[in-house]
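Chemist: Below, each chain spelled out in residue letters.
Number of protein chains: 2
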Amino acid sequence: MKATVYVTIKENVLDPQGAAVQGALHSLGFKEVGKVRIGKYMELTLDTNDRSEAEARVKAMCEKLLANTVVEDYRFELEG
Amino acid sequence: MKATVYVTIKENVLDPQGAAVQGALHSLGFKEVGKVRIGKYMELTLDTNDRSEAEARVKAMCEKLLANTVVEDYRFELEG
Numbered sequence: 001m002k003a004t005v006y007v008t009i010k011e012n013v014l015d016p017q018g019a020a021v022q023g024a025l026h027s028l029g030f031k032e033v034g035k036v037r038i039g040k041y042m043e044l045t046l047d048t049n050d051r052s053e054a055e056a057r058v059k060a061m062c063e064k065l066l067a068n069t070v071v072e073d074y075r076f077e078l079e080g
Numbered sequence: 101m102k103a104t105v106y107v108t109i110k111e112n113v114l115d116p117q118g119a120a121v122q123g124a125l126h127s128l129g130f131k132e133v134g135k136v137r138i139g140k141y142m143e144l145t146l147d148t149n150d151r152s153e154a155e156a157r158v159k160a161m162c163e164k165l166l167a168n169t170v171v172e173d174y175r176f177e178l179e180g
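Chains A and B are the protein sequences, given in the same order. First residue of the first sequence? That's 1 in the numbering used here, and the numbers climb one at a time after it. First residue of the second sequence? That's 101 in the numbering used here, and the numbers climb one at a time after it.
You may find that some hints are simply not true.
To be verified - The calculated lysine to aspartate or glutamate pairs, modelled on DMTMM-like cross-linking and capped at a C-alpha distance of 20 Å, are:
{"id": "1", "chain 1": "B", "residue 1": "131", "chain 2": "A", "residue 2": "50"}
{"id": "2", "chain 1": "B", "residue 1": "131", "chain 2": "A", "residue 2": "32"}
{"id": "3", "chain 1": "A", "residue 1": "31", "chain 2": "B", "residue 2": "173"}
{"id": "4", "chain 1": "B", "residue 1": "140", "chain 2": "A", "residue 2": "15"}
{"id": "5", "chain 1": "A", "residue 1": "2", "chain 2": "A", "residue 2": "43"}
{"id": "6", "chain 1": "B", "residue 1": "135", "chain 2": "A", "residue 2": "47"}
{"id": "7", "chain 1": "B", "residue 1": "135", "chain 2": "A", "residue 2": "15"}
{"id": "8", "chain 1": "A", "residue 1": "40", "chain 2": "B", "residue 2": "153"}
{"id": "9", "chain 1": "B", "residue 1": "110", "chain 2": "A", "residue 2": "50"}
{"id": "10", "chain 1": "B", "residue 1": "135", "chain 2": "A", "residue 2": "55"}
{"id": "11", "chain 1": "B", "residue 1": "135", "chain 2": "A", "residue 2": "79"}
{"id": "12", "chain 1": "B", "residue 1": "131", "chain 2": "B", "residue 2": "172"}
{"id": "13", "chain 1": "A", "residue 1": "31", "chain 2": "B", "residue 2": "115"}
{"id": "14", "chain 1": "B", "residue 1": "131", "chain 2": "B", "residue 2": "143"}
{"id": "15", "chain 1": "A", "residue 1": "35", "chain 2": "B", "residue 2": "115"}
{"id": "16", "chain 1": "A", "residue 1": "64", "chain 2": "A", "residue 2": "32"}
{"id": "17", "chain 1": "B", "residue 1": "102", "chain 2": "A", "residue 2": "43"}
{"id": "18", "chain 1": "B", "residue 1": "102", "chain 2": "A", "residue 2": "32"}
{"id": "19", "chain 1": "B", "residue 1": "131", "chain 2": "A", "residue 2": "55"}
{"id": "20", "chain 1": "B", "residue 1": "131", "chain 2": "A", "residue 2": "72"}
{"id": "21", "chain 1": "A", "residue 1": "35", "chain 2": "B", "residue 2": "143"}
{"id": "22", "chain 1": "B", "residue 1": "140", "chain 2": "A", "residue 2": "77"}
{"id": "23", "chain 1": "A", "residue 1": "40", "chain 2": "B", "residue 2": "173"}
It should be emphasised that the hints constitute simulated quantities derived from the structure, not laboratory data.
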């Protein structure tokens, strides 16, 4: 089974990396770029076929390690 | 218009960050985790309503700044 995890910075939290990328894009002439928010994208392969178990386990992984839930949101998709 | 960009490390390129996360997940007891690949997830707001223009511009942003196309792949979605 494959899990795809998206970790994004919460809406009201400052994203300095996004601000830096926005500045760089403007410098390169991409003036139409407004807000830029940067997050993480993770692909995990899981040695299980039980979808509901996988869902609980990936949620636990996100809470414990993959996301800092104070300042980040996460969501994930399972396939296979 | 909103663009969502996914930047991932190419299949045959080593991903040390993914290997570190895999090791950490195993240490935490998530032994079912196989391969972990980590990429970037970016949300950009664009001040344009022309979809085909936006597509060309975001492609150029990816090629010039957002992805290192030697070792990374990118894909993006447009909405709005």
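Chemist: Under the constraints set out in the numbered hints, which ones does this structure not fulfil?
Modeler: 2, 3, 7, 8, 9, 12, 13, 14, 15, 16, 17, 20
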